[in-house]
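A.B. asks: Each chain, letter by letter, is given below.
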Amino acid sequence: DAGVIQSPRHEVTEMGQEVTLRCKPISGHDYLFWYRQTMMRGLELLIYFNNNVPIDDSGMPEDRFSAKMPNASFSTLKIQPSEPRDSAVYFCASQQGLAEAFFGQGTRLTVV
Amino acid sequence: DQQVKQNSPSLSVQEGRISILNCDYTNSMFDYFLWYKKYPAEGPTFLISISSIKDKNEDGRFTVFLNKSAKHLSLHIVPSQPGDSAVYFCAGRGTSGSRLTFGEGTQLTVNP
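So the sequences go chain by chain: L and Y. Start counting the first sequence at 1; every next residue gets the next number (the numbering used here). Start counting the second sequence at 1; every next residue gets the next number (the numbering used here).
One chain only, chain L, in its complex shape (with noise of 0.2 Å):
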């Protein structure tokens, strides 16, 4: 397996622009989760699915942040409108049960 795919790996946008992070998680892995990595925070979890249902969203910092999984092999992470706050490394993981979490290589967004 290729392993957790995120595209793209880097984006810069303006503010005020939509921006859509995409994510292949690792087949058959049940659990896929969105991280953000800042340098105050660490790796902050923002919402995280099993078999392709938000299980919590908890960490979503506004409404300006949606996320779905429409299927077992692809979920998105948008942001609209985005503001220069959101510029952070975005990180999908997957996971099958209680193994440990695969991670993707990250998206950097820089919004300007």
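Hints in this document: simulated from the structure, not taken from any laboratory. Yeah, the Cβ is synthetic: ideal placement off N, Cα and C, and Gly gets one too. A hint or two may mislead.
Covered by chain Y, per the in silico footprint, the following chain L stretches (three or more residues, Cβ under 8 Å) [claimed, not checked]:
hint, stretch
1, 17–25
2, 41–52
3, 102–108
Beyond 12 Å from chain Y on every Cβ pair, some chain L residues (computed) [stated by the list, open to error]:
hint, residue
4, Glu11
5, Val12
6, Thr13
7, Glu14
8, Gly28
9, Asp63
10, Asn71
11, Ala72
12, Ser73
13, Lys78
14, Pro84
15, Arg85
16, Asp86
17, Ser87
18, Val112
With chain L fixed as given, assemble chain Y onto it according to the hints.
C.D. replies: Structure of chain Y alone, referenced to chain L:
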């Protein structure tokens, strides 16, 4: 509420010596702990874990120690190698679910 704390943002050691990375947690419901390593421009990768029923787990040069009464765990790397230079994240997982709660990370630099 930072449930997992890594109080040292950085650590520098000489090649061949021991590296000790520390982590404290506040959530008594955590029953499983993991360490991840992260190189620049890559996603975190799983390194080693420990269940709360144990106080030590060893894998090659890496050993994790857990002190439940103190709510403290540490990662020992011996001997340290320049290739170990990375950011190390500590994470805890509760009995009720699969989500991981991460600390802020510690940047380890191993000098040749």
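A.B. asks: Each hint needs a verdict: does it hold in this structure or not?
C.D. replies: How the hints compare with the structure:
1. 17–25: violated (count 0)
2. 41–52: That given contact holds, which follows from 7 residues of the stretch 41–52 of chain L lying within Cβ reach (below 8 Å) of chain Y.
3. 102–108: holds (count 5)
4. Glu11: Glutamate 11 of chain L clear of chain Y: closest Cβ-Cβ about 15 Å, beyond 12 Å.
5. Val12: Given a closest Cβ separation of 16 Å, the condition holds.
6. Thr13: holds (20 Å)
7. Glu14: Check passes; 24 Å lies beyond 12 Å.
8. Gly28: holds (15 Å)
9. Asp63: Aspartate 63 of chain L clear of chain Y: closest Cβ-Cβ about 22 Å, beyond 12 Å.
10. Asn71: Non-interface label stands for asparagine 71 of chain L: nearest chain Y Cβ at 20 Å, farther than 12 Å.
11. Ala72: The claim holds: alanine 72 of chain L sits with its nearest Cβ about 16 Å from chain Y, beyond 12 Å.
12. Ser73: The claim stands: serine 73 of chain L keeps its Cβ more than 12 Å from every Cβ of chain Y (closest is about 18 Å).
13. Lys78: holds (20 Å)
14. Pro84: holds (22 Å)
15. Arg85: holds (18 Å)
16. Asp86: holds (19 Å)
17. Ser87: Per Cβ check, serine 87 of chain L is outside 12 Å of chain Y; nearest 16 Å; holds.
18. Val112: Holds, because the least Cβ-Cβ distance between valine 112 of chain L and chain Y comes to about 20 Å, which exceeds 12 Å.
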